[in-house]
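Peer 1: Here are the chains, one letter per residue:
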Amino acid sequence: MTSVPLLEVHGLHAYYGQSHVLQGIDLVLGREPLAVLGRNGMGKTTLCLALTGLLPSVRGSVRLAGHQLIGQPPHRIAALGVGYVPQGRRIFPSLTVEEHLRLVPRRGTSTGDAWTPERIYALFPRLAERRRQPAGTLSGGEQQMLAIARALLTNPQLLIMDEPSEGLAPVIVEHLIATLRHLVIGGLAILLVEQRLAVATALAQRIAIMVSGRIALETTSDMLLADPALQQRYLGVSAQRAA
Amino acid sequence: MSWPQFVTVTLNGLTLAALYFIVAIGFTLIFGVLRVVNLAHGSLYLFGGYLGWSVADRTGSWVLGAFAALLVTALAGLVLQLGLLQRIHGQELREALVTIGVSIVAADLMLARWGGFTYDFSPPKVITGGLRIPLLDVGYPRYRLFVLAFAIVLGLVVWFVLARTRLGIIVRAAIDDRDMVAAVGIDVQRLFALMFAIGAGLAGLAGVIGGSVLSISSGEDARYLLASLIVVIVGGMGSLPGTAVAAVLVALVEQYSLALFPTYAAIVSFLLMVVVLALRPQGLFGRPA
Chain U
6 MTSVPLLEVH
16 GLHAYYGQSH
26 VLQGIDLVLG
36 REPLAVLGRN
46 GMGKTTLCLA
56 LTGLLPSVRG
66 SVRLAGHQLI
76 GQPPHRIAAL
86 GVGYVPQGRR
96 IFPSLTVEEH
106 LRLVPRRGTS
116 TGDAWTPERI
126 YALFPRLAER
136 RRQPAGTLSG
146 GEQQMLAIAR
156 ALLTNPQLLI
166 MDEPSEGLAP
176 VIVEHLIATL
186 RHLVIGGLAI
196 LLVEQRLAVA
206 TALAQRIAIM
216 VSGRIALETT
226 SDMLLADPAL
236 QQRYLGVSAQ
246 RAA
Chain B
11 MSWPQFVTVT
21 LNGLTLAALY
31 FIVAIGFTLI
41 FGVLRVVNLA
51 HGSLYLFGGY
61 LGWSVADRTG
71 SWVLGAFAAL
81 LVTALAGLVL
91 QLGLLQRIHG
101 QELREALVTI
111 GVSIVAADLM
121 LARWGGFTYD
131 FSPPKVITGG
141 LRIPLLDVGY
151 PRYRLFVLAF
161 AIVLGLVVWF
171 VLARTRLGII
181 VRAAIDDRDM
191 VAAVGIDVQR
201 LFALMFAIGA
211 GLAGLAGVIG
221 GSVLSISSGE
231 DARYLLASLI
241 VVIVGGMGSL
251 PGTAVAAVLV
261 ALVEQYSLAL
271 FPTYAAIVSF
281 LLMVVVLALR
291 PQGLFGRPA
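Sequence order for the protein chains is U and B.
Numbering of the first sequence is given in the working numbering, commencing with residue 6 and proceeding in unit increments.
Numbering of the second sequence is given in the working numbering, commencing with residue 11 and proceeding in unit increments.
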């Protein structure tokens, strides 16, 4: 029996005014994490915005567990099960940690094991310690935890993360990857958009490389790590420097 | 300035500040959440004033007039947002032109309905008449003190809702980053419609409350739009404390300069705005864009 894949992207085009940023993206994602790698300006963030409904000029097909997402407003897409951790984290500076968690509408899940503020605080004890603190005063790593917590509370089936390692110290990045692995084991599908090869390959075996608004290559972590010429060609960096 | 004159001018300033605050709070809430500069805000004020007067005239109840103004202008705001502004959301020039257009059409329609007359309200007896203020030893109209008290209560209610309720959390989050509010599953179009209705309703209520300080007549729409603009520009668009502080500042400056050098009084509040814009373009309490 073939089951419907969780996320099916077919012929996705996106525009910023006159510029044609995504030029026909095809992607299929199951429960296994997928990392999209690419240099700056290749359209990675645009891909995230198109999938979450935050970019209006989009055409093509994006199906989540069979539901068409193109044309749906962002809050419907969130309700259908797409969580979003944006580039730069974009937490709300004037809200406290606790208020971030109160903000998210509570929705039941079919399985019943919904994310609650209590479960979030158990996953990120640091956030529990800081619950009354304005989010703008948190450290970068804490803000990243909060951005993930905010997305988890929507009880997503798929978590889209845009450069979560950006601006974080190496030890914090390691902790972040461990957390994400833990979530993957818990059954969460992750689409990770990254510039850093080491972060992408640490989380995902499946790698898609994006060049100029298209998926140029689909490969695996092992093959990419074993082939410096390939890395040089698509990412322009060596694994050592990226780590 | 003699002591009684000083006290009277200061009280005039504070009560005018209260009125500016009541008018501007809806304007700043709409701007903060929707990023729409609603140039029809003055029309909603005037519409609320006329409508409240007509209802009060028919029913003999000022309170009923005030409630009717609040509800009907909230509804008018809802129609304006859902019927016109939602379609052009985010296109600032179009939003400005559409709201100016609405204000011109509304001004003519109201002139046709209510004419060029001046309408006087008669608020309930308990809040009218004079009051001898103890300690300060000056007489002062009771109604103007009511306006001051009303503004303080309104400010506290809005503060409480913003600080303590889930709606307030959503509103503050939307002022920070609307897209991320949508991305956690909140229908921002519904939030926008609700905020527009609240802001418009407050403008209409202000029409009755402000109209009862002096009177209501055509032309008041432009006057209070301008006052709202100056107050929120000085205070910082979208900030509640900014609106309160700026309302006091603008109204006191206006009243003191009227008393001290009446000839140049009109330019002083603009001067204040220019100075604030030059030193702090985001306003006293605003965050840099």
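Some hints here could point you the wrong way.
According to the in silico footprint, chain U covers these stretches of chain B (three or more CB under 8 Å from chain U) [claimed, not checked]:
no., region
1, 34 to 45
2, 186 to 200
Just so you have them, the derived chain B footprint on chain U, three or more residues with Cβ under 8 Å [stated by the list, open to error]:
no., region
3, 121 to 135
4, 154 to 162
Short, incomplete list of chain U residues facing chain B, as computed with Cβ under 8 Å [what the hints assert, rightly or not]:
no., residue
5, Leu11
6, Arg64
7, Phe97
8, Pro98
9, Leu100
10, Val109
11, Pro110
12, Leu193
13, Gln210
Since the hints were derived computationally from the structure, they do not count as laboratory data.
Quick caveat, the model's predicted, so the values are computed rather than measured.
Even for Gly, the Cβ is constructed at its ideal location relative to N, Cα and C.
Peer 1: Compare the structure with each hint and give your call.
Peer 2: Here's how the hints hold up against the structure:
1. 34 to 45: It is violated: at least three residues are needed, and the region 34 to 45 of chain B offers just 0 whose Cβ sits closer than 8 Å to chain U.
2. 186 to 200: holds (count 13)
3. 121 to 135: violated (count 0)
4. 154 to 162: Since three or more residues must qualify, the claim that chain B covers the region 154 to 162 of chain U holds, with 4 doing so at under 8 Å.
5. Leu11: At 18 Å from the nearest chain B Cβ, Leu11 (chain U) fails the 8 Å test, so the hint is violated.
6. Arg64: 20 Å, violated
7. Phe97: 4 Å, holds
8. Pro98: 6 Å, holds
9. Leu100: 6 Å, holds
10. Val109: 5 Å, holds
11. Pro110: Holds: closest Cβ of chain B sits about 5 Å from Pro110 (chain U), inside 8 Å.
12. Leu193: With a closest approach of 16 Å, the Leu193 (chain U) hint is violated.
13. Gln210: 27 Å, violated
Checked against the numbered hints listed earlier, the structure breaks hints 1, 3, 5, 6, 12, 13; every other hint is satisfied.
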